[in-house]
Structures are given as structure tokens and as C-alpha cells.
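Asks: Sequence:
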Amino acid sequence: MVLRILELIRKRRKKEIDLAGYLGIPTGSMAKWKYYGSTSYLRYVEEICIFLNTTPNYLFLGHEETVESLSFEEKDIIRMYRDLDEGRKNCIKETLRYLT
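In our numbering, each residue carries its 1-based index in the sequence shown increased by 1.
Treat the hints with care, since some could be wrong.
Stated by the list, open to error - Cut-off 25 angstroms, straight-line C-alpha distance, at most; resulting in silico cross-link-like pairs (BS3-like, lysine-lysine):
| no. | residue 1 | residue 2 |
| --- | --- | --- |
| 1 | Lys90 | Lys35 |
| 2 | Lys12 | Lys76 |
| 3 | Lys90 | Lys76 |
| 4 | Lys15 | Lys90 |
Calculated directly from the structure, the hints in this document are not laboratory data.
Given these sequences and hints, build the entire structure.
Replies: Here's what the structure looks like:
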């Protein structure tokens, strides 16, 4: 999984330090994931997926769900969600957790 995270960081032209900052973790945590086998990244899967614009399915199994496989309605919901600020995104997530 760490290899896929690192691969996506490169593909998305981002930096490890940017992911660490997004997650609010020390940059040394990334080194622990890469070199020492730490699995602490598992608690950040949702946030990592958002930052790297991917799915947990891809991170865990290597199977990327393509945008083409989403319905028009799903694509529209994703587009609207991406346009929200962080506070409103959190509100949406809390509402969805309540509803499911």
C-alpha cells in the first residue's frame, strides 16, 4: 500500500511533505512508513485518498475505479463536493455518516 501511495504522489506531482502537512503528521512519519514498515498510515486512508484523488480500493488492492464507471449523478456529486471548503466537506461527511 505504501508503494501505491508513493507512486500516486509522484503521478499527481505532489510531495511527501505536502501529504504529511495535509494529514497533520510529522514528515518523519512518512519515513517510518517507507523504511520501517510502520502501518500507522492505515488510520489516514480516507484522508490519503482525498489528497491523492483515489479510492481505498486502489490503495489496498491496486484496482482503480475509473470515473467512467460512475453514473452521471455520482460524478456530479463528486464535482460539487470538490468545490466545497473544508468546513462544508466535513458537514457533508458527518451527514453521510448519520444517514448510513
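Asks: Each hint should be assessed against the structure and marked as holding or not.
Replies: How the hints compare with the structure:
no.: 1; hint: Lys90 - Lys35; in the structure: 30 angstroms, violated
no.: 2; hint: Lys12 - Lys76; in the structure: 22 angstroms, holds
no.: 3; hint: Lys90 - Lys76; in the structure: 16 angstroms, holds
no.: 4; hint: Lys15 - Lys90; in the structure: 22 angstroms, holds
Consistency note: the structure conflicts with earlier hint 1 alone.
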